[in-house]
Each structure stands twice: as structure tokens, then as C-alpha cells.
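Q: Kindly produce the complete structure, drawing on both the sequences and the hints.
Chains A and B, in that order, are what the protein sequence lines are. Okay, so the first sequence: first residue is 1 according to the numbering used here, each after it adds one. Okay, so the second sequence: first residue is 1 according to the numbering used here, each after it adds one.
Just so you know, the hints here were simulated from the structure itself, not pulled from any lab data. The structure presented is a predicted model; accordingly, all values stated were derived computationally and were not measured. Take these hints with a grain of salt, some might be off.
[Said to hold, decoys possible] Here are some of the chain B residues that sit facing chain A, going by a computed Cβ distance under 8 Å:
hint: 1; residue: Ala42
hint: 2; residue: Gly106
hint: 3; residue: Ile108
Beta carbons: idealized from backbone N, C-alpha and C, even for Gly.
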Amino acid sequence: IAGITQAPTSQILAAGRRMTLRCTQDMRHNAMYWYRQDLGLGLRLIHYSNTAGTTGKGEVPDGYSVSRANTDDFPLTLASAVPSQTSVYFCASSPDWYNEQFFGPGTRLTVL
Amino acid sequence: EDKVVQSPLSLVVHEGDTVTLNCSYEVTNFRSLLWYKQEKKAPTFLFMLTSSGIEKKSGRLSSILDKKELFSILNITATQTGDSAVYLCAVEAGGTSYGKLTFGQGTILTVHP
Numbered sequence: 001i002a003g004i005t006q007a008p009t010s011q012i013l014a015a016g017r018r019m020t021l022r023c024t025q026d027m028r029h030n031a032m033y034w035y036r037q038d039l040g041l042g043l044r045l046i047h048y049s050n051t052a053g054t055t056g057k058g059e060v061p062d063g064y065s066v067s068r069a070n071t072d073d074f075p076l077t078l079a080s081a082v083p084s085q086t087s088v089y090f091c092a093s094s095p096d097w098y099n100e101q102f103f104g105p106g107t108r109l110t111v112l
Numbered sequence: 001e002d003k004v005v006q007s008p009l010s011l012v013v014h015e016g017d018t019v020t021l022n023c024s025y026e027v028t029n030f031r032s033l034l035w036y037k038q039e040k041k042a043p044t045f046l047f048m049l050t051s052s053g054i055e056k057k058s059g060r061l062s063s064i065l066d067k068k069e070l071f072s073i074l075n076i077t078a079t080q081t082g083d084s085a086v087y088l089c090a091v092e093a094g095g096t097s098y099g100k101l102t103f104g105q106g107t108i109l110t111v112h113p
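A: Put into C-alpha cells, the structure is as follows:
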């Protein structure tokens, strides 16, 4: 692994289903983030984690949850997907919360 | 509410042209401004600016920040087709305990051969 990986690359999901988007980084970065990108709205922060064991809410956290059990992994869970969660999801990391953020390749999620 | 506005929203040029992309912001407790280039997938980091008047350069790309007038510009000289991308500006607000980035809508740059 080099950098940040996300899985799956894309997914079509029925409304009401539970889904976990995976994010793994091998750079030993302390801080990790989840964004969604929508046309006309740009990138918006969903949740963040400054260090393993801690998480916080970003700008649009409703309907999403995260966990940070270790430094490398930061999964994003949609407990019961809705069509408005159709988006491209990017995971990002930075050495610490005040450094520049580096982005993963993204997951394209469609909720029908 | 923090706000970042980029202009123009889209730009079409020919190879060899020079372009200037603009980013203005209104952010509480400004900490830094970042530029990213987004091609088909992930945004890739270009520059981080924290001090006014100091130009950052990387090859044909350069950027400068004006903290008094609350804007930044990204210049690309001698453009190439590989410069075609969406350029994103983001501003980090201070006074928080996390990397709170507010992104602009992006500028779509298309460079024709």
C-alpha cells in the first residue's frame, strides 16, 4: 500500500441498506477526514479524527458515523442509506490536523 | 459562515497561454489557504499559503496570498493539455481543534492543443 486507499471504488446501494466505506493509509498520519463531493457544492467535511481513538463531526455529519480504532483505518458507515447520500466520498489524511491534507482516490456511491 | 469563492468557474485556453485563477474568502480566524488540482479522481495538493506576499512556486505554477484583501491567485504559465483539471481552493479556519477546510466550487480549466 502506498498513500491512501479507499474501497470500494464504486457501489450501487438500495435505500435503507447499511454500508461501510473503507479508508486505509500507510503514512502514519495522525489526522484523517471524510468528505463528500457534490456538483455545485464542492467538498464538504463529514467527520474527522485528529488521532486514533478520537472522532468529531464536520459540516454534514447526519446519517454518517465513523470510528478510529487505530492510526491506519478510518471507516465511514451509513446506517440506513438514503438517495441524498448519493455522492463521491473522499477520505483524506494529514500528519497532524494543522498540516495539508492528502486525498484518497474516492468512492462513488449511488443510493437508489 | 465561512465562505470561499473561486473565479472564473470555467476557463478554456490554448496550449502556451498563461492563466490566472482567483480565490477570495471570508473565514473566521484564517489560518492557511490551500490549492489542489483535481483530475479524474482525488484532489492532489499543490500549495499551502500562510503568509501574505510570499509567492510559492512549483515549475510553471505559482501562487500568492493577500491577507489584507482576502484573496489568492494561482498562475499557470505556458499551459499544457495536462494542466486540464478542476482547481480547488480551500481555506483553513483557526480557532478550531481540527483541520477545518472550507472549499470553493472550483475552476474548471480546459487547455486545448
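Q: All hints are to be evaluated individually against the structure, with a verdict given for each.
A: Going down the list of hints, with the structure as the test:
1. Ala42: For Ala42 (chain B), the interface hint holds, since the closest Cβ of chain A sits about 4 Å away, which is under 8 Å.
2. Gly106: Given a least distance of 6 Å, the restraint on Gly106 (chain B) holds.
3. Ile108: violated, 11 Å
The earlier numbered hint that this structure contradicts is number 3, and it is the only one.
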